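Peer 1: Now for the letters of each chain:
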Amino acid sequence: MQEQLVFVRNQMLPPEAPPPGQKGITRWMRENLFSGPMNSVLTVLGILAVVWLLMHILPWLMHSVWNANSLNECRQIIQERWGEGATGACWAMVRERWPQYLYGFYPRDLYWRPNLSLLLLFGALAPVLYSSLPRKMLWITALYPATAFWLLWGGSIWAPVVAMLGFVVLWLVFSVLQPRLGVPVSAGIGVVVASLWWLFLQAPATDLLQGILPLSLRPVGSRDFGGFLLSFVIGVTAISASLPMGILLALGRKSDMLLVRTLSVGFIEFIRGVPLITLLFTASLLLQYFLPPGSDFDIILRVIILVTLFAAAYIAEVIRGGLAALPRGQYEAADALGLDYWQAQRLIIMPQALKISIPGIVSSFIGLFKDTTLVAFVGLNDPLKGITTIVRADINWKGIYWEPYIFAGAIFFLICFGMSRYSMWLERKLKTDHR
Amino acid sequence: MAFVQDAPKDSFRLSMLIYDTRYRSLTIQVVVLILFMLFLSWLLNNTIQNLAAKDRTFDFGFLLSRAGYDINQRLVDYTNDSTHARAAFIGLLNTLLSAVVGCVLATIIGVVVGVLRLSNNWIISRLMTVYVEMFRNVPVLLWILLAATILSETTPSPRDFRVTPEMEAADEAPKASMLFGIIAVTNRGTDIPEPKFCIGKPREECDADPNEGGLGTIDLGIFKVSLNLLALLLVFGGSIFAARRLKQQADATQDATGVRPVTWWKNLLILVLPSAILLWALGLHFVVPELKGFNFTGGITVLHSFTALTLALALYTAAFIAEIVRAGIMAISRGQSEAASALGLRPARTMRLVILPQALRVIIPPLISQYLNLTKNTSLAIAVSYMDLRGTLGGITLNQTGKELECMLLMMGIYLTISLIISACMNIFNRAVRLKER
Chain A
13 MQEQLVFVRN QMLPPEAPPP GQKGITRWMR ENLFSGPMNS VLTVLGILAV
63 VWLLMHILPW LMHSVWNANS LNECRQIIQE RWGEGATGAC WAMVRERWPQ
113 YLYGFYPRDL YWRPNLSLLL LFGALAPVLY SSLPRKMLWI TALYPATAFW
163 LLWGGSIWAP VVAMLGFVVL WLVFSVLQPR LGVPVSAGIG VVVASLWWLF
213 LQAPATDLLQ GILPLSLRPV GSRDFGGFLL SFVIGVTAIS ASLPMGILLA
263 LGRKSDMLLV RTLSVGFIEF IRGVPLITLL FTASLLLQYF LPPGSDFDII
313 LRVIILVTLF AAAYIAEVIR GGLAALPRGQ YEAADALGLD YWQAQRLIIM
363 PQALKISIPG IVSSFIGLFK DTTLVAFVGL NDPLKGITTI VRADINWKGI
413 YWEPYIFAGA IFFLICFGMS RYSMWLERKL KTDHR
Chain B
4 MAFVQDAPKD SFRLSMLIYD TRYRSLTIQV VVLILFMLFL SWLLNNTIQN
54 LAAKDRTFDF GFLLSRAGYD INQRLVDYTN DSTHARAAFI GLLNTLLSAV
104 VGCVLATIIG VVVGVLRLSN NWIISRLMTV YVEMFRNVPV LLWILLAATI
154 LSETTPSPRD FRVTPEMEAA DEAPKASMLF GIIAVTNRGT DIPEPKFCIG
204 KPREECDADP NEGGLGTIDL GIFKVSLNLL ALLLVFGGSI FAARRLKQQA
254 DATQDATGVR PVTWWKNLLI LVLPSAILLW ALGLHFVVPE LKGFNFTGGI
304 TVLHSFTALT LALALYTAAF IAEIVRAGIM AISRGQSEAA SALGLRPART
354 MRLVILPQAL RVIIPPLISQ YLNLTKNTSL AIAVSYMDLR GTLGGITLNQ
404 TGKELECMLL MMGIYLTISL IISACMNIFN RAVRLKER
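Heads up: the protein sequence lines correspond to chains A and B, in order.
So for the first sequence, our numbering puts the first residue at 13; every next one is plus one.
So for the second sequence, our numbering puts the first residue at 4; every next one is plus one.
Source of the hints: derived by calculation from the structure; they are not laboratory data.
Just so we're clear, the structure is a prediction, and the values are computed from it rather than from any experiment.
Honestly, I wouldn't trust all of these hints.
A few chain A residues that face chain B, going by a derived Cβ cut-off under 7 Å, partial list only [as the list claims (entries may be wrong)]:
id : residue
1  : Asn-44
2  : Trp-354
3  : Ile-412
4  : Tyr-413
Just so it is clear, CB atoms sit at the ideal spot from N, CA and C, and this is done for glycine as well.
Generate coordinates for the entire structure from the input sequences, incorporating the hints supplied.
Peer 2: Quick look at the structure:
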């Protein structure tokens, strides 16, 4: 009876390699491409679509011509190189019109001025975007608007200097009065004094200083601005001016004061209810009715003002969402600490509300930057329609239609895509919850 | 003995207007009101002065004078003898047409793309990501211009469709042919079949009649309403009502017995059959566009400006809608679908009964604001010379009469009204689907 065979394995089997269908690329494909009949059909359709697109686009891109003087020459070169009936991209147009796409009709010998402004813009933006940089660099940011204005439009250096002095006056008045009168009253008085400064002292002071020390650059008219220079000028100015305005509007909309709330809601709903084009037409057609007779100021400035108002209304709504998402406890805690309204906003509410609204704010910015192309309809040369129309009106480039749009679109894509990735990065960086 | 005394009742001092929180908000509001009134009167004063300086008046009387220009797309009757108000109305209808068609298209594309982006199929989700990023990050103006250029420059001219006797003899195909034999895309527009109705008459007679036939139309003064369409809407509305009743009955049966009766074929019959019978009785048929001479006749010509604008807006907005749909579905926690599985619901039912109702609450508000954006973006019609509200009232009328102030204010007012109506709908919906807590 003891003869029974007993087998007890006393050592581990070496692990078997997975079956061929369960490893490597095969497994990946089974899981991600052919997990079911529906998915397989979709995959095949997707591959077909990609192949079809590539078959149409690739040869066209491969047959690019970079050196030619006209569309006909381009086509000839393509026919010669790749035979009868071949089509190709004629990037020679971009090569020839590159300066126009960037600067519009800005005088050629003065290109260094927008270039320098752009360089300084990075210097001004860096301390705002990256908090690890020294805080002293914020002075560059503060001085940037006046510098860029002077560089781009030229004229006497004293005009922007005196205008900046207005802000200094505002700050002085505010800091002298603030301990005695509180934030709103002293800010109000400061704004009034600064406005008086700009209204009555700006011109004589500029003339006086210019008389003492003539320092000026050759003036450039607004109509000469164009291309991406114009988009950047309008976009950057409107973006930076609309954020503080949007914050104020959002606070106004949440305010307990009936009148302030009504005015804010009315403004926001009005601006959000009409298309940007009507506002741009307002800038070009109606502003002359609303301003004192005889006052006629720059078209770009008019457009910037209305685009800023437009963006501010949208940003106000985004920030209102952020404010609404904050738990009530935060407001109550601020009250319990004895902070007044502005301290509570500055130290407790806004940092959190703004953090929550970052994605919304950035997407408003992207929208705003894309919308700068609409200035073409009030006669400015935006890079998309304005410059392309000029190019296509040229006898040499008549009939070209893919290349200008693809080129301008690609640049817009790079900028907007970059902005949205930056906002994602910022969101991750500022995320403080532990999930 | 210590006791607490009431705070002394101070007499009112002027400084309390600023320092006392009871009065401060009042002070600020009064100051704001004064500033606002000053600003308004400044604006009004300037406007009056400027109008006087240009020797102009502010009145809307010009709206009733003869417009004198033609509009190439009219949904209701209009000739160049009509008034400016009528022209503005035509423009408004064109704006609304483009907006409605664009919204429907954008929703369909956006939902499909949004769902496909969540699919576990690698290649499909990547393709959809490319689509979304490409369309979101480029100005919509580019898509409109590109669509318009492609439509006008790459399409054949009507004479390319012609088959000459020589070509027939040589058995040669013409350069261009119609899509499915009924749609002709030429460089002048897209010709599509036109629905016509015909009761008790030979078909040729009906086709020769420019009116749509059938029950005819009634004139409402401002525009004519097609009785055929009205009848169809009535019958279809009745069908929907009947289908609702059927669903209620099925629900009642399910509640009573626990077994849901099979209703899908009854539903289909109720929804389709009455309308189909009505259409057959009205003699619905389609007039296919035909090449006669140098152009296509018969059928409806859809202008390329309309196609380009609507298509580009729809594709652009669809990219945003796709993101909204994706975010909405992802916002529903996994626990919900797991709970549904635990209850024994199949995936399709889980989607329909558990995920979608909750996701819709997240999806609908931003979706409607996208509709709003699309509607406002139709004003980009200016880029392709589509005669929308801005093209008529804010374009030709403005230029002809020189009434900039009136035209722009009226146009803004109309857009504002549309937007406010849409956002009012959104608020009503939001209130209806809000989570009822506490």
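Peer 1: Against chain B, is Ile-412(A) within 7 Å by beta-carbon distance?
Peer 2: violated, 10 Å
Peer 1: Quick one, is the Asn-44(A) hint okay against chain B at 7 Å, beta carbons?
Peer 2: Interface hint status for Asn-44(A): holds (4 Å vs cutoff 7 Å).
Peer 1: Would the stated hint for Tyr-413(A) survive a check requiring a Cβ distance to chain B of less than 7 Å?
Peer 2: It holds, given that the least Cβ distance between Tyr-413(A) and chain B is near 4 Å, below 7 Å.
Peer 1: When the nearest CB of chain B is found for Trp-354(A), is that gap smaller than 7 Å?
Peer 2: With a minimum Cβ separation of about 13 Å from chain B (threshold 7 Å), the hint on Trp-354(A) is violated.
Going through the hint list in order, the structure does not satisfy hints 2, 3.
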